[in-house]
Amino acid sequence: VSAGIEPLMAAEEHEAGADASHATEAAGADQHHGEPDPHIWQSVSNWIMAAKNVRSALATADPANAEVFSANAEAYIAELQKLDVEIFAQANALPAERRVLFTSHDALGYFAARYGFKVAGAALASFTTEASDPSAAQLAELVQAIKAAGVPAVFTENMHSQQVMDQIAREAGISFARELYTDALGEPGSAGETYLKMMRSNSTVIAAALGR
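Number 35 in our numbering belongs to position 35 of the sequence shown; there are no gaps in the numbering.
Calculated from the structure, these hints are not laboratory results. Any given hint could turn out to be false.
[Stated by the list, open to error] Restricting the straight-line Cα-Cα distance to at most 27 Å, the calculated cross-link-like pairs of lysine-lysine (BS3-like) are: (1) LYS52 <-> LYS82; (2) LYS52 <-> LYS147; (3) LYS197 <-> LYS52.
Use the sequences and the hints to build the structure in full.
Spelled out as structure tokens, the structure:
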């Protein structure tokens, strides 16, 4: 699925926000520099490549239905291309200095690189959803780093508790945005029940929180 997609490493992810404070580094957390970021789907252009790869694999496995696979893939890719344009439009409507992301964990590197955001850091400095919550001392350092970086809002994610991010937002005196879908789709009927809905929801939540 990921063939042809250039992997983003942890250090590269944060280079998207090189002039913003690395809040998790300030807290003394492990940034996993050099470890590949698995969240390739957070860039729609990557997901277009993945769709093409799936189309090719299915056609190879079942040549008799290659035309069906191709037609379905082209229809889906057209929807993805439309979505990509929409996200660019929402991102470009934000002042450059407000395109700063601080989330529960490192999940938006590809999103930031694709759509022109800076990654200031994450409360849980890991690509996984099993990372431990920061200590009280680390929380205090995170809050100070967030203030220094001028982070406009913090975002929680659907696979993480909101408690830590709510506390960080309150202590930093900034907005606490509702959850993003980063590691998993949402429940049926939710704003994140499909990939297209998930990415539209994420982009809309980010644009609304940073545009205030």
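Cross-check of the supplied hints:
1. LYS52 <-> LYS82: 16 Å, holds
2. LYS52 <-> LYS147: 42 Å, violated
3. LYS197 <-> LYS52: Holds. LYS197 to LYS52 sits at ~20 Å (cutoff 27 Å).
The structure fails hint 2 only (numbered hints given earlier).
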